[in-house]
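**Student:** Read off the chains here:
Number of protein chains: 2
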Amino acid sequence: MQALAASFFLQMAVILAACRIVGWLARRIGQPQVVGEMIAGVLLGPSLLGLLFPETGARLFTTETRGMLYIGSQLGVGLYMFLVGMEFRTGLFRERARSAASVSVAGMVAPFALGALLAPWLIKVPGLFAESTRLHEAALFLGAAIAITAFPMLARIIHERGLAGTPLGTLALAAGAIDDAAAWCVLAVVLASFGGDSGIAITAIGGGVLYAAFMLTLGRKGLACLGRVTLRDGRVTPAMMAVILMLFCLSAWFTDHIGIHAVFGGFILGIAMPRGPLTAGLTEKLESFTVVFLLPMFFTFSGLNTRLDVMLDPSILLIAVVVLIASTLGKGVACWAAARLHGEDNRTSLAVGALMNSRGLMELIIINIGLQMGIIGRELFAILVVMAIVTTLMATPVFEWVYGRHVRKGAPQPVNGIDG
Amino acid sequence: MQALAASFFLQMAVILAACRIVGWLARRIGQPQVVGEMIAGVLLGPSLLGLLFPETGARLFTTETRGMLYIGSQLGVGLYMFLVGMEFRTGLFRERARSAASVSVAGMVAPFALGALLAPWLIKVPGLFAESTRLHEAALFLGAAIAITAFPMLARIIHERGLAGTPLGTLALAAGAIDDAAAWCVLAVVLASFGGDSGIAITAIGGGVLYAAFMLTLGRKGLACLGRVTLRDGRVTPAMMAVILMLFCLSAWFTDHIGIHAVFGGFILGIAMPRGPLTAGLTEKLESFTVVFLLPMFFTFSGLNTRLDVMLDPSILLIAVVVLIASTLGKGVACWAAARLHGEDNRTSLAVGALMNSRGLMELIIINIGLQMGIIGRELFAILVVMAIVTTLMATPVFEWVYGRHVRKGAPQPVNGIDG
Chain A
1 MQALAASFFL QMAVILAACR IVGWLARRIG QPQVVGEMIA GVLLGPSLLG LLFPETGARL
61 FTTETRGMLY IGSQLGVGLY MFLVGMEFRT GLFRERARSA ASVSVAGMVA PFALGALLAP
121 WLIKVPGLFA ESTRLHEAAL FLGAAIAITA FPMLARIIHE RGLAGTPLGT LALAAGAIDD
181 AAAWCVLAVV LASFGGDSGI AITAIGGGVL YAAFMLTLGR KGLACLGRVT LRDGRVTPAM
241 MAVILMLFCL SAWFTDHIGI HAVFGGFILG IAMPRGPLTA GLTEKLESFT VVFLLPMFFT
301 FSGLNTRLDV MLDPSILLIA VVVLIASTLG KGVACWAAAR LHGEDNRTSL AVGALMNSRG
361 LMELIIINIG LQMGIIGREL FAILVVMAIV TTLMATPVFE WVYGRHVRKG APQPVNGIDG
Chain B
1 MQALAASFFL QMAVILAACR IVGWLARRIG QPQVVGEMIA GVLLGPSLLG LLFPETGARL
61 FTTETRGMLY IGSQLGVGLY MFLVGMEFRT GLFRERARSA ASVSVAGMVA PFALGALLAP
121 WLIKVPGLFA ESTRLHEAAL FLGAAIAITA FPMLARIIHE RGLAGTPLGT LALAAGAIDD
181 AAAWCVLAVV LASFGGDSGI AITAIGGGVL YAAFMLTLGR KGLACLGRVT LRDGRVTPAM
241 MAVILMLFCL SAWFTDHIGI HAVFGGFILG IAMPRGPLTA GLTEKLESFT VVFLLPMFFT
301 FSGLNTRLDV MLDPSILLIA VVVLIASTLG KGVACWAAAR LHGEDNRTSL AVGALMNSRG
361 LMELIIINIG LQMGIIGREL FAILVVMAIV TTLMATPVFE WVYGRHVRKG APQPVNGIDG
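Residue numbers (our numbering), protein chains in the order written: chain A, 1 to 420; chain B, 1 to 420.
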């Protein structure tokens, strides 16, 4: 077993180095850290390291250490979604309800319409979807993959630019939050219905709905008590930390067990948490290790599954281009149009479209679930990885060009954490 | 793979619950949390859960999830030793050099003398040591196992009672630090020489000495730069966190790779770190997750290897009693006598002896390494687990009785983190 520990530590050193180096390069050209880490993960996989130095790649990422990488990834994205859930403010919607409603509806309807349009074509291409995937599942999955937004990245950009109280800030935050929540719900339905056994689907959908309902009512009340205890103690004690992490594990286990995914458990628990010293303390104590140590494991695990060489096939490359255009139309352009129609000025509308179009880490989480559950194949996975990276790369320059340079109050703040 | 994630989350929820419940019970009777968690780990293993509900135990801790538990444990104890290293103050020794020297020499000479006395007897009992363990290795390993001190627990008790500047505080901290460092060195030598191949031994000893020398000179200077960067930034940035975690992984990998153990890599790196905002920030960001989430994995992994039913054999039970007495004589009594001989009053000397005699988590780390490297067998492992738990259980009441109640300034502060 000691050899296992040694290779784990070596592997982690390489992963952390790769993520930091590529992340640093990304920040040098004005991109957020998350883009760098997404690319670093792909580079560590069969698309570069495995292609150039197959032996090194195989020695570094053995079958055994891949299991560790998988568990570390699941823990990482689960905790990350828990942290994201704690930052979610449902009150945002009310503040700017009508614009937000039209932008978020556009950001949902257009992606699912495009998903429905593309699915009949793509499902016939061998290797994109699993044999057992049915047309409506393919359409819904594609729709969710197009509809997802890099909500945490969007929130970070808005806070860093001091836009949190502005029309743009409120609009983008509210619409992004609603669309993300909707996309996760649709994904949960797809996961629940996948496999065809109606008993499994009922457990998953019914269990998921009941669990969410329970957590957001009684669960929220129970958690509020923990919030009061923290207020009294003046800090998050080790005992409180243990209770929260235990609840997190139970929540992740439950949603995994009923057939949706651990990320939902983390996310719902995060939303149900009482805002205040407890959430602030938990973020302080969990965010750094999650983002700096665990998420790079996820990027690498995802990258090990990404074979960019499938793009050498012209028909796959064509599909990739179509998917990329459809994603940008279905999200960025649709949200811009909805904001314009609702009377927002062109600059604000373009900025909203650019922010909503970036998908970041959230897209990787969704498509990794799709791959792991056997809904999509490696070709479509690679296509959607490229879509995720390109739409995330586009966001910052477009935002800077149409909006950022007009409102910036000093030097641009490079985004340093993971915000995808 | 998804089933693997689900069982990991379930397993962690059970582990965290067990550690907190038994830890809470321990604190109710005035014991530190670490004793509770040590016992919780044993209860989750074949000594209780596996005995009463073998099927539940086997379903909860499968071969596959045991691998995860192992890696999580290694990461946990590695990071913990890194945190302990950062708390180490070599300057302590100078402040009270002569008493500290005699106590620490007594706390080293007596254990190794007893180890040398016991080894010829114990090595003949089948199952205690591996067949390939030689007499001097057995003696040194036993000596180190008796000599180790729960340094972090000792430090926490002294700080919480406000004894940090007192003769007792300085004396116990200095002597504990020296003895622990010495015991780890001896263990490194045992690990290095074990296996018999002199090439391996030379790599391990030479590599370890060179690495420690490098880290404590040039390495310390390099790390001091990182300390200055943190001072300038005003906080530990994600990039800094990533660099430190990468250095930690490299250090753990290197010491694992040359044949000593990952904990040394963590510990040496911790000692070499510049004290200040960097170490304070790292402790803030790493301690909670390490202590609350990762260390319980270690206690459980250790507990899964502990078969207390070997004590049903009267000859094993006799050995356990002898080892327990020898450990208390060789550490607690020897340190008390040294302090007395050096002119400390009886109360201070008894308190020093009680604190030095507790072994806590440190003992579990040493004996798990011994088991994993094949130096000791399951019977001696179980005996030393019992010795670790009993000597740690003894420390607080003895300390309270001879010293604590005379100096306590208010209600006793229950020790809430892990300090063993």
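Mixed in with the good hints there might be a few duds.
[Stated by the list, open to error] Under 10 Å between C-beta atoms, here's a sample of chain B residues computed to sit facing chain A: (1) Phe9; (2) Tyr211; (3) His261.
[To be verified] Residues of chain B clear of chain A, computed beta-carbon distances all greater than 10 Å: (4) Glu87; (5) Leu118; (6) Pro277; (7) Ser315.
I should point out that these hints are in silico values taken from the structure, not numbers from a laboratory. Quick reminder that beta carbons are idealized off the backbone N, C-alpha and C, glycines included.
**Student:** All hints are to be evaluated individually against the structure, with a verdict given for each.
**Tutor:** Checked hints:
1. Restraint check, Phe9(B) versus chain A: the minimum CB separation of about 4 Å is within 10 Å; hint holds.
2. A hinted interface residue such as Tyr211(B) counts as satisfied when its beta carbon comes closer than 10 Å to some beta carbon of chain A; here the least separation is about 14 Å, so the hint is violated.
3. Contact between His261(B) and chain A, as hinted, is supported at the beta carbon level, the nearest pair being about 8 Å apart and thus within 10 Å.
4. A cut-off of 10 Å between C-beta atoms confirms that Glu87(B) is not in contact with chain A; the least separation is 17 Å.
5. With a cut of 10 Å on Cβ distances, Leu118(B) stays outside the contact zone with chain A, its closest approach being about 27 Å.
6. No beta-carbon of chain A is positioned within 10 Å of the beta-carbon of Pro277(B); the least distance is around 15 Å.
7. Separation of Ser315(B) from chain A is adequate, the least Cβ-Cβ distance of about 30 Å exceeding the 10 Å criterion.
Hint 2 from the list above is the single one not met by this structure.
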